[in-house]
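Student: The primary structure of each chain is shown beneath.
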Amino acid sequence: MKHLIFSCVVLFLLAACQSEEKPTEQPISAKSATENTTSNQSADTKTRAANQSEKNNENIAAQTDFLKNQTYTRDDVLYNESAYIPAQCYVKTQDELGKTYNTCFACHGQAIRPNHFNDVDLQLEYGFTAEYTQTNRWKNLFRDFSTKTAQISAQEIKQYIKQSNYFDENGNIMVKQRLTELADKAWDANQNGQWDGFIPDAYFNFDNQGFDRTPDNTYTGWRAFAYAPLPGSFLPTNGQTGDVLIRLPKVFRLNDKGEFDAQVYKINLAVVEAMIKEQDLKIETVDEQLYQVDLDKNGQLTQTDTIKYQWAPNQNIFMSYVGQAKTAFNRGEIKMAARLYPVGTEFLHTLRYIDYTQNSGLQLANRMKEIRYSQKSNWNNYGQLQNAGLGEIKEKHDFPDRLRQFRGDAEQGLQTGLGWKMQGFIEDKQGDLRPQTYEETVFCMGCHSGISAVTDNAFAYSRKYNDNQFNLGWYHWSQKDFVGTIERKLSNGDNEYTTYLKHNGGFADEYRVNDESKTVSEKLAQTNYNDLHNNIDLLLKPSQQRASQLNKTYKTIVEEQSYIWGRTPLLKPATNNMHEFIKNGTPTGLEVVLR
Amino acid sequence: MKSNLFKMSLLATTVAVALAGCSVDLDLSDDEDDKEQPQQQTVTLEFAELAVPLTDAAQKAVRASTEVTINGELQSINYHTLMETYYKDEITGEQFGISKDYQDEVIKFEDGSPYTCTGADEAVGSGLDHNSILQRNGKIYMVSQFECNIGSLYVQQLQQDQMGKLSPVAGTLEFISQKEEFGGWIHCAGQTTPWQSHLGSEEYEPSGDLTVGTDNSTGDGYFDAVAPYWGGDMNMANPYYYGWTPEVHINDDGEAVYSKHYSMGRFAHELAYVMPDNKTVYLSDDGTNGGFFMFIADEATDLSAGTLYAVKWNQTSAEGAGAADLTWVNLGHASNADIRPYVAAKPHLSEIFEIQQADENNACSEGFTAINTSAGLECVKLLDITKDGKVDAMDEMVASRLETRRFAGYKGATTEFRKEEGISYNAKDGKLYLAMSEVARGMEDNSSNDAGSNNDIRVSKNACGAVYELAVGEDSNIGSSYVAKNISSLVEGIPASYEEGSDYAGNSCDVTSIASPDNVTYLADSNSLIIGEDTSAHINNMIWNYDLDKGTLTRIFTTPVDAETTSPFWHKDINGFGYLTAVTQHPFGDSSKSEVGYVGPFKFNSAK
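Chains R and U are the protein sequences, given in the same order.
So for the first sequence, the working numbering puts the first residue at 1; every next one is plus one.
So for the second sequence, the working numbering puts the first residue at 1; every next one is plus one.
Among the hints, erroneous ones may be present.
One-sided and incomplete, this derived list gives chain R residues near chain U with beta-carbon spacing under 10 angstroms [to be verified]:
1. Ala-150
2. Ile-152
3. Met-336
4. Asp-409
5. Lys-421
6. Leu-490
When the alpha-carbon atoms are kept at most 35 angstroms apart in a straight line, the in silico DSBU-like pairs for lysine-lysine are as follows [claimed, not checked]:
7. Lys-394(R) with Lys-390(U)
8. Lys-461(U) with Lys-583(R)
9. Lys-282(R) with Lys-108(U)
10. Lys-277(R) with Lys-429(R)
11. Lys-396(R) with Lys-387(U)
12. Lys-165(U) with Lys-396(R)
13. Lys-394(R) with Lys-603(U)
14. Lys-396(R) with Lys-139(U)
15. Lys-335(R) with Lys-308(R)
16. Lys-381(U) with Lys-396(R)
Hints are computed from structural coordinates only; laboratory data are not their basis.
Remember, predicted model here, so these are calculated numbers, not experimental data.
Each residue gets a CB set at the ideal place from its N, CA and C atoms; glycine is no exception.
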């Protein structure tokens, strides 16, 4: 019995979600690939032909109004029915010389309960059990955008990315207004005349604790934190900058009197962090007497700077929140368990173009490529989560050709099936933020559920910097960049990025087309990566020239609105390093790398 | 929302079944003149066919045929929930769906939650799968089984009021211990046997070649999930504990008595279906390259000993989903008592068969037999399992039950079926129905799944599946009047490729026919077969009424995307009332709680 995970998936945390377009001239026939019993070779040939024809007629995509076919509900047919499987899963793990490249480990490895999607096997073989998924439909990764990007001047792209598409000149959140007014009636997926989904409400105006403040200085509830970006596509050198904010439900922000209390909120965020990481955490010194909770578990209510992680419900050992959340927890109204977030937890994750400060420091561009939003909607206990994980294994065994289906729509988000809903906003042709279509949202699902790398369907918070780091990791990248930030360690103590580079021929990207990163990597190798261990900026920050090209390339995808063909900007086609078709069960030739 | 959906779904299903099968059952309370031969009443069934749901709203809704007349008369029926997962009996203290360990202690996960067989709240996972209603000791009992790696069984008394309404009797929910037989596993479909017992099934048997390592794990996460049953010690577990056919009957004292029938072999039991002689049992094997099995019990109503057969498909036609004469390969006689000691000895596959890889021509070395089962192409040699110095009939007996599918292949039977599902029997016409979720893989001519094997089934792929009809009759050698003699395709799905822009785009099976048939239900003495789907090839699962006389399909029900009912079972006469029970595992709502309910009661004998 093989362990089969429904999505292969590599790094796309960031890479975001794709759209449900049905280009009128479908370059790769989705349907024929599914139903074609003769098949594999034939699908492969078709793919090749399609890609070739695309190369020959570069303008077709630009001329096609993909958007007109996109929908915000699950329409009958998606361009890519397995859009949840990202392009990284189709990377060739060996080159012509037989040299191996393992980037799979970033997402696929040993799962830690209550995640039961063990997927070490996906480091060893391509797990495309459904025939349909054997065909790679991420055709943008095979395209050469250089002709188009040559038409965009450096000044033009610079101006473009520096202009905010989130705030208007008065500081109002533009997308909020557009959504409220239903600027496009099609966004109203449930057709009730109003927008029922998430409305972006962060001001990206952070205090020295990372708390987001409105223009009149009140708390929005969002708090920025610094985390180690997932290796691969999410690294700025590969195409974009980004940030992540967290917000816990209101009850976690209130003290016993029912008042907003930043100190209470900070402690509760730390308790959640300790639970997610299953480790002790340093906090600012607090007086336990105020909260009547023995945070450091020393048996007395004292001053402490530590959240002690001890949790074993079957031995009657529990952690506690503080303030009103403590009361609610004691009443059983809210739950707590290791590696699970409280219901109502929200993440806000923006992807930006790459920009630089006047001092050439890396910074997030004002212009957003995407806003990604997730909210935990249901509590599933350990038993339910195990059941769900095992259920998927059996489903794969019983119905190997079945593809994942997601409930929900683009307006209210798609459900992962494991307690979270995901939603996204992306640039329209003019660069304004619009809701992602159904298929564009499906793109989010494969990375955020069904793989071992996620902790309760999320990545960043479990990768948050904390002890011994600046401000205990509570800051926005606009307040401090990557300079001097240390490398994250794997469970065996190895440095994560270093391990990635070593197993990927020195490339920082899965597609092995980021030549600049290879040069950087070679230089880093000269000091045995010691420089990198203490300063990830050396690897993460692209040169300004490269950044400009990446920005331009992505802009051409925006102009085409061809996100469903892949939204990762590549400066040259990854054709040599990507399978256009790969048979299920094909060995990768890799040695397993444990995280 | 969920219960409404389910209500509607069952309503529709029942209506369909009722409509379909509403000929009059002979009711004990019937006071008609006994001298008159019971007259086969003409049942008039009329219902409007449902259109294929096209709009987003329709695709998210339960849609059922509502305009129904039975013999020209509208009958009022209602849906009733019987039990939900998590139902707590405050008197016995038992909670419906909780699994217990080998000492019958409640299993708890690390977060303190009890092991309850239910999926995530958004309906991912497995849960309650089948319920049997049993009439014993003048009472009504319901036995329920759960489809989890540590699968529990529960019994509950039901009360029936004068109007026929059923409800649980407080203080009677009891956990049925399976500890005497190593616990339960992935309980799938089931049947209320003619002798009023619950006959279940353990599906998706774990591979016998798993070995527990020093890390207390076999590396197979699916099997390793039984660890909590054994107090966390995988060395106490064994794959051969699972993949059998459990039975529960109620004794004279009203107690549930559990047994596991090692006699009927070990494979991916979807359903064990007893024929009217109370001796012949058909057993479907879910998965790829499965067999189809028949068991003839030595004694009526006692399945603990008997002879097991595997079918051999002797193809007579390749048209459609094919037709064949069936012969039955005798896999030998065995009893539970014969086999249990070998199960208890915690065997390993390598002690049963020596297995080698075939050469590049799919051939095996001298002394080895090529078989191609769910495990793929293998060269096998039977070993001296009993360790008596010779490979003989005793070893064959043990292998025939512990490794039934491999042994069937070894004996030349057909192991090429793909996803066998529901079984139902029509006594009126002597026809058995068997759903094949898809006609593919080993069933195709010389597919890769046929490498090294018989290639008995040589038909074209039909990803939309088929329902077969099997003619049964007397076989004096086998000693049963219910032996399937031939098989032919009765109704098939039709692969389709709707152009983009078509109303039906997104359906890969024609919307005018079935796709991935799952459960089939025939109501006695009717000409109507109900066929349920478990498919991704129709955007919405459908339930069909197949008119056996006319050969026509009528779409009577469509489910919302993802919603699913399992194991519908017709209880035609419980103290004069008829009920259709079914379980919903994946309700389209906020909760994942599986529940069992019924539509009814029906008074068939009041139908004109």
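Student: Each hint needs a verdict: does it hold in this structure or not?
Tutor: Going down the list of hints, with the structure as the test:
At about 34 angstroms, the closest approach between the beta carbon of Ala-150(R) and any beta carbon in chain U exceeds 10 angstroms, and the interface hint on this residue is violated. For the restraint placing Ile-152(R) at the interface with chain U, the shortest Cβ-Cβ distance is roughly 33 angstroms, beyond the 10 angstroms limit, so the hint is violated. At about 9 angstroms, the closest approach between the beta carbon of Met-336(R) and any beta carbon in chain U falls short of 10 angstroms, and the interface hint on this residue holds. For the restraint placing Asp-409(R) at the interface with chain U, the shortest Cβ-Cβ distance is roughly 8 angstroms, inside the 10 angstroms limit, so the hint holds.
The closest approach between the C-beta of Lys-421(R) and any C-beta of chain U is roughly 9 angstroms, which is under the 10 angstroms cut-off, so the hint is satisfied. At a threshold of 10 angstroms, the smallest CB-CB gap from Leu-490(R) to chain U is about 19 angstroms, leaving the interface hint violated. Proximity of Lys-394(R) to Lys-390(U) is assessed by CA-CA distance (about 38 angstroms); at most 35 angstroms being required, the pair is judged violated. Note on Lys-461(U) and Lys-583(R): the hinted pairing holds, with a Cα-Cα distance of about 20 angstroms set against a maximum of 35 angstroms.
With a C-alpha separation of about 31 angstroms, the suggested pairing of Lys-282(R) with Lys-108(U) holds against the 35 angstroms cut-off. Of the pairs offered as hints, the one joining Lys-277(R) and Lys-429(R) is violated, with about 40 angstroms between alpha carbons and a cut-off of 35 angstroms exceeded. For the hint pairing Lys-396(R) with Lys-387(U), the CA-to-CA distance comes to about 38 angstroms; that exceeds 35 angstroms, so the pair is violated. Restraint check for Lys-165(U) and Lys-396(R): the C-alpha separation of about 40 angstroms exceeds 35 angstroms, so the hint is violated.
Note on Lys-394(R) and Lys-603(U): the hinted pairing is violated, with a Cα-Cα distance of about 40 angstroms set against a maximum of 35 angstroms. Simply put, Lys-396(R) and Lys-139(U) have alpha-carbon atoms about 42 angstroms apart, too far for the 35 angstroms limit, and the pair is violated. Annotation: proposed proximity of Lys-335(R) to Lys-308(R) holds, straight-line Cα distance about 18 angstroms (limit 35 angstroms). Simply put, Lys-381(U) and Lys-396(R) have alpha-carbon atoms about 30 angstroms apart, close enough for the 35 angstroms limit, and the pair holds.
Of the numbered hints given earlier, the model fails hints 1, 2, 6, 7, 10, 11, 12, 13 and 14; all others are met.
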